[in-house]
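J.: Order-wise, the sequence lines are chains Y and P. First residue of the first sequence: 1, per the numbering used here; consecutive thereafter. First residue of the second sequence: 1, per the numbering used here; consecutive thereafter.
If you're looking for bench data, these hints aren't it; they were derived computationally from the structure. Please note that the accuracy of each hint is not assured.
Pair by pair, the computed Cβ-Cβ distance ranges are [to be verified]:
hint, chain 1, residue 1, chain 2, residue 2, range
1, P, E429, Y, T52, 48 to 58 Å
2, P, E452, Y, D327, 41 to 51 Å
3, P, S187, Y, E124, 27 to 37 Å
4, Y, S59, P, E429, 39 to 49 Å
None of these values were measured; they are calculated from a predicted model. Glycine included, each C-beta is placed from N, C-alpha and C at the ideal position.
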Amino acid sequence: MSDMALNTAALPGDAGVQTLRAQAAEVFARTGLPGRRDEDWKYTDISRISATLGEAWWSPTPSELSETDFSGIEGLDAYRIVFVGGEFLPEQSDIPEGVTLQSLSALLADDADERSHCLFRLDESAPLFNGFLAANSALASDGLCACIGANVKLDKPLYMVHIGNSTSHILNGLMLGQGAEATLIEHFVGGDSNSAGLNNIATYLRLADNAGLTHYRLQMEGTKQFHIGRVEVKQAGNSRYTLHAVELGASLSRADIVVNLAETGASCDLNGLFVASGRQHIDHHTRIDHNAPYCRSRESYRTVLDGRAHAVFNGKIVVAEGAVKTDSAQSNGNLLLSRNAEIDTKPELEIYNDDVKCAHGVTVGQLDEDQLFYLKSRGLSEEEARQLLTFAFADEVLVGMDSKLIRRFIEQAAFSKLPNMSDLEGFLE
Amino acid sequence: MNNLKQTSRQANNPDIKPEEFANQEYETGFVTDIEADTLPPGLNEDVIRHISAKKNEPEWLLNWRLEAFRHWLTMTEPHWAHVNYQPIDFQAISYFSAPKSKDDGPKSLDEVDPKLVETYEKLGIPLREQEMLAGVAVDAVFDSVSVATTFKGKLKEAGVIFCPISEAVREYPELVQQYMGSVVPTSDNFYAALNSAVFTDGSFVYIPRGVRCPMELSTYFRINAMNTGQFERTLIIADEGAYVSYLEGCTAPQRDENQLHAAVVELVALDDAQIKYSTVQNWYPGDENGVGGIYNFVTKRADCRGDRAKVSWTQVETGSAITWKYPSCILRGDDSVGEFYSVALTKMRQEADTGTKMIHLGKRTKSTIVSKGIAAGHGQQAYRGLVKIGKGAEDARNYTQCDSLLIGDTCGAHTFPYVEVKNPSATMEHEATTSKIGEDQLFYCQSRGISEEDAVNMIVNGFCKDVFNELPMEFAVEANRLMEVSLEGAVG
Numbered sequence: 001m002s003d004m005a006l007n008t009a010a011l012p013g014d015a016g017v018q019t020l021r022a023q024a025a026e027v028f029a030r031t032g033l034p035g036r037r038d039e040d041w042k043y044t045d046i047s048r049i050s051a052t053l054g055e056a057w058w059s060p061t062p063s064e065l066s067e068t069d070f071s072g073i074e075g076l077d078a079y080r081i082v083f084v085g086g087e088f089l090p091e092q093s094d095i096p097e098g099v100t101l102q103s104l105s106a107l108l109a110d111d112a113d114e115r116s117h118c119l120f121r122l123d124e125s126a127p128l129f130n131g132f133l134a135a136n137s138a139l140a141s142d143g144l145c146a147c148i149g150a151n152v153k154l155d156k157p158l159y160m161v162h163i164g165n166s167t168s169h170i171l172n173g174l175m176l177g178q179g180a181e182a183t184l185i186e187h188f189v190g191g192d193s194n195s196a197g198l199n200n201i202a203t204y205l206r207l208a209d210n211a212g213l214t215h216y217r218l219q220m221e222g223t224k225q226f227h228i229g230r231v232e233v234k235q236a237g238n239s240r241y242t243l244h245a246v247e248l249g250a251s252l253s254r255a256d257i258v259v260n261l262a263e264t265g266a267s268c269d270l271n272g273l274f275v276a277s278g279r280q281h282i283d284h285h286t287r288i289d290h291n292a293p294y295c296r297s298r299e300s301y302r303t304v305l306d307g308r309a310h311a312v313f314n315g316k317i318v319v320a321e322g323a324v325k326t327d328s329a330q331s332n333g334n335l336l337l338s339r340n341a342e343i344d345t346k347p348e349l350e351i352y353n354d355d356v357k358c359a360h361g362v363t364v365g366q367l368d369e370d371q372l373f374y375l376k377s378r379g380l381s382e383e384e385a386r387q388l389l390t391f392a393f394a395d396e397v398l399v400g401m402d403s404k405l406i407r408r409f410i411e412q413a414a415f416s417k418l419p420n421m422s423d424l425e426g427f428l429e
Numbered sequence: 001m002n003n004l005k006q007t008s009r010q011a012n013n014p015d016i017k018p019e020e021f022a023n024q025e026y027e028t029g030f031v032t033d034i035e036a037d038t039l040p041p042g043l044n045e046d047v048i049r050h051i052s053a054k055k056n057e058p059e060w061l062l063n064w065r066l067e068a069f070r071h072w073l074t075m076t077e078p079h080w081a082h083v084n085y086q087p088i089d090f091q092a093i094s095y096f097s098a099p100k101s102k103d104d105g106p107k108s109l110d111e112v113d114p115k116l117v118e119t120y121e122k123l124g125i126p127l128r129e130q131e132m133l134a135g136v137a138v139d140a141v142f143d144s145v146s147v148a149t150t151f152k153g154k155l156k157e158a159g160v161i162f163c164p165i166s167e168a169v170r171e172y173p174e175l176v177q178q179y180m181g182s183v184v185p186t187s188d189n190f191y192a193a194l195n196s197a198v199f200t201d202g203s204f205v206y207i208p209r210g211v212r213c214p215m216e217l218s219t220y221f222r223i224n225a226m227n228t229g230q231f232e233r234t235l236i237i238a239d240e241g242a243y244v245s246y247l248e249g250c251t252a253p254q255r256d257e258n259q260l261h262a263a264v265v266e267l268v269a270l271d272d273a274q275i276k277y278s279t280v281q282n283w284y285p286g287d288e289n290g291v292g293g294i295y296n297f298v299t300k301r302a303d304c305r306g307d308r309a310k311v312s313w314t315q316v317e318t319g320s321a322i323t324w325k326y327p328s329c330i331l332r333g334d335d336s337v338g339e340f341y342s343v344a345l346t347k348m349r350q351e352a353d354t355g356t357k358m359i360h361l362g363k364r365t366k367s368t369i370v371s372k373g374i375a376a377g378h379g380q381q382a383y384r385g386l387v388k389i390g391k392g393a394e395d396a397r398n399y400t401q402c403d404s405l406l407i408g409d410t411c412g413a414h415t416f417p418y419v420e421v422k423n424p425s426a427t428m429e430h431e432a433t434t435s436k437i438g439e440d441q442l443f444y445c446q447s448r449g450i451s452e453e454d455a456v457n458m459i460v461n462g463f464c465k466d467v468f469n470e471l472p473m474e475f476a477v478e479a480n481r482l483m484e485v486s487l488e489g490a491v492g
């Protein structure tokens with residue numbers, strides 16, 4: 001497998017990091033990339049990545065875009081942390097007080113700092129582990145490393161914006177101390193340019209007791225871009241984690257969301273919205289491990305597909321033997337607007353304990369004839385009625401967003417992707 | 001939706017001991033000592049030739065078997081199911097075992113080995129009184145050869161063919177050749193290929209055009225000789241407008257060695273035909289430590305080839321150490337309907353990975369899946385299903401409900417539903433819940449003067465009712481009794 005050899009020699013980091021990089025490269029050479037014979041990649045064919053980017057698809061490339069190509073979410077008051085082509089731009093960024101915040105590149109430049117080691121350490125037995133994660137560990141050179149101190153409540157969201165249409169490997173780590181509260185926005189943007197790359201990004205989140213994190217993950221990459229993401233969350237007692245994952249962009253986007261409810265009373269909410277058209281392929285694999293008593297999880301994903309889009313949702317919930325009083329619910333709704341769209345969904349439950357309340361539901365369908373009739377009887381045209389119902393279907397997972405501003409921004413972006421949705425502008429006010 | 005509330009029943013009611021329920025001994029465990037004409041263990045082409053020769057099979061079938069065997073050699077055993085078991089040594093199994101009787105076979109029940117009849121009577125199968133009592137024709141399979149067939153005459157009058165498959169091979173070769181392997185090809189999967197190579201018996205049913213089968217057809221399977229795998233092959237064909245209800249019931253004597261059962265069941269429904277296939281499976285599940293017990297790796301598939309065809313699978317699975325079974329429907333014809341109703345109970349160290357596949361290809365096809373799993377003791381239970389809606393399946397409709405009831409804190413219940421939709425006009429719903437018996441429900445019943453045991457029975461019965469309602473009457477009674485017997489140890 002010499003063609004899968006990653007060159008980690010020139011990358012930053014002390015001797016410890018270099019060793020971990022070399023190990024990751026070795027894992028990558030051994031495991032290679034997942035194929036469709038792997039159960040977790042059954043519906044996602046990644047061959048189009050190497051077909052587009054060439055054999056050494058992992059090699060970082062410079063971005064053609066710059067920070068001026070994107071103005072951000074209008075009116076959003078936040079601490080901006082800007083990455084262009086996978087590289088942190090300190091002069092464009094705005095670091096809040098009370099937070100130890102560093103770019104990964106700065107951290108790696110400091111040989112005395114060994115905190116970076118834990119980010120690079122690979123656990124091959126982790127759920128949904130795959131070759132992309134190994135490549136990330138071997139090649140990541142930048143990202144964000146932040147610790148939010150105990151009981152610090154950030155007044156404004158951390159707004160991480162990734163601009164670019166290049167190949168880069170980004171590694172983020174965010175730790176919240178006891179009772180800390182924060183909002184993290186990860187925003188991936190790229191233009192409609194002809195060049196393409198792969199954004200391979202891993203984000204590790206650690207929540208100490210009673211910490212609370214709201215995480216927006218807005219994937220709006222350029223239409224030719226590939227996006228492979230992993231979010232790994234570990235939650236201590238009574239911590240709360242809320243994810244709003246929105247998938248609008250990229251040619252192929254896959255995200256693995258792995259949540260470990262490790263201690264008593266932890267809770268998580270995962271909300272997802274996919275709006276895909278053209279030949280887009282969107283895939284989310286989520287896994288929630290209930291490893292302690294009295295944990296709660298809620299998961300709600302909605303998918304709207306047009307054109308020849310193909311979406312995959314795999315939601316797995318595992319309740320361990322001692323995790324009594326588990327309360328878990330999952331729902332997945334799918335709306336197909338076109339004859340050529342395809343949805344593959346699999347809500348899985350694995351339960352090793354009788355003191356649980358678990359439920360999941362999936363629906364695939366079209367717009368309800370009765371509801372259409374009702375709206376038409378109120379004077380809306382067929383087209384308007386369809387738009388309104390499609391909007392209402394998708395919007396249901398956005399209702400939980402704390403930030404009205406982000407919600408409006410997503411609504412605009414999502415519905416501008418679908419045909420004739422512009423008439424709906426009036427409803428968005 | 002079942003809204004059983006979760007409570008810590010065990011903590012508050014020391015009287016209820018799930019482990020007792022879980023360790024319920026197997027009731028029908030006894031071995032009948034009959035001299036069997038058994039091949040030495042091992043599998044090679046000579047064994048297949050021997051089986052084929054023993055059964056006086058035509059050459060095409062021998063070639064078909066050998067082809068399947070050669071393909072099987074290239075395959076590897078599947079391991080994706082959520083079950084754990086000792087690896088199977090396929091060379092340690094004897095592939096042929098026939099009860100020794102007169103070479104020509106019995107002409108009537110009187111000629112049947114009295115010990116066989118005795119065994120059936122112990123099990124409560126009134127073989128002699130079938131005609132009078134139950135009105136059911138029984139094609140009884142004792143190990144690998146059908147020993148008695150009743151009601152031939154009455155069925156012949158209606159034009160229905162119901163006979164052992166080995167007889168069908170000789171008497172109706174054109175039908176067998178046309179349909180066998182057309183639903184489950186020899187290369188379909190590891191166990192189907194093995195079955196194709198070595199199957200020794202099973203039932204063949206053909207219902208001619210427009211005929212409604214005058215009675216319910218039934219086969220009782222029974223594994224008896226030591227170390228013989230049971231490789232049944234059942235083929236049921238319902239021609240245009242025909243109707244048949246087929247019952248399959250299983251029970252096996254207690255023993256300590258794991259036995260492999262890899263059956264293949266193929267159903268073909270042509271235009272407007274309807275097939276109802278019901279199973280009560282109560283094979284030996286092994287003891288409380290997981291020693292012994294049957295490995296039940298079955299391929300069951302129905303092909304709704306015609307328009308408006310309907311196939312309904314109903315199963316009650318309480319036995320076997322390992323169950324690995326997915327009765328499926330290929331809904332090829334327009335407006336065809338597939339149904340799957342299942343109750344599975346795993347206790348002690350039993351493991352079940354079961355479910356269904358509904359492949360919607362025709363327009364306006366409908367499918368319903370209702371699966372109820374009950375896990376107790378160290379039992380592991382998995383529902384694994386696939387609902388696939390093809391591009392051409394306009395206005396297809398699926399409803400799926402799978403619920404699990406957990407008794408005790410060492411059991412497990414798992415759900416793996418695959419949904420693949422390629423047509424926007426499809427409507428598909430899937431719903432699953434997992435919970436334990438609600439303490440408030442128990443309390444309510446007890447406050448009305450109902451004993452704890454009866455209350456648990458009632459709750460479980462209510463939980464399974466949707467499925468039991470689908471069983472033919474005789475089976476519904478048996479299923480109810482089976483659940484009650486199993487639940488007896490659950491309380492007090």
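J.: Check each numbered hint against the structure and report the violated ones by number, ascending.
T.: 1 and 2
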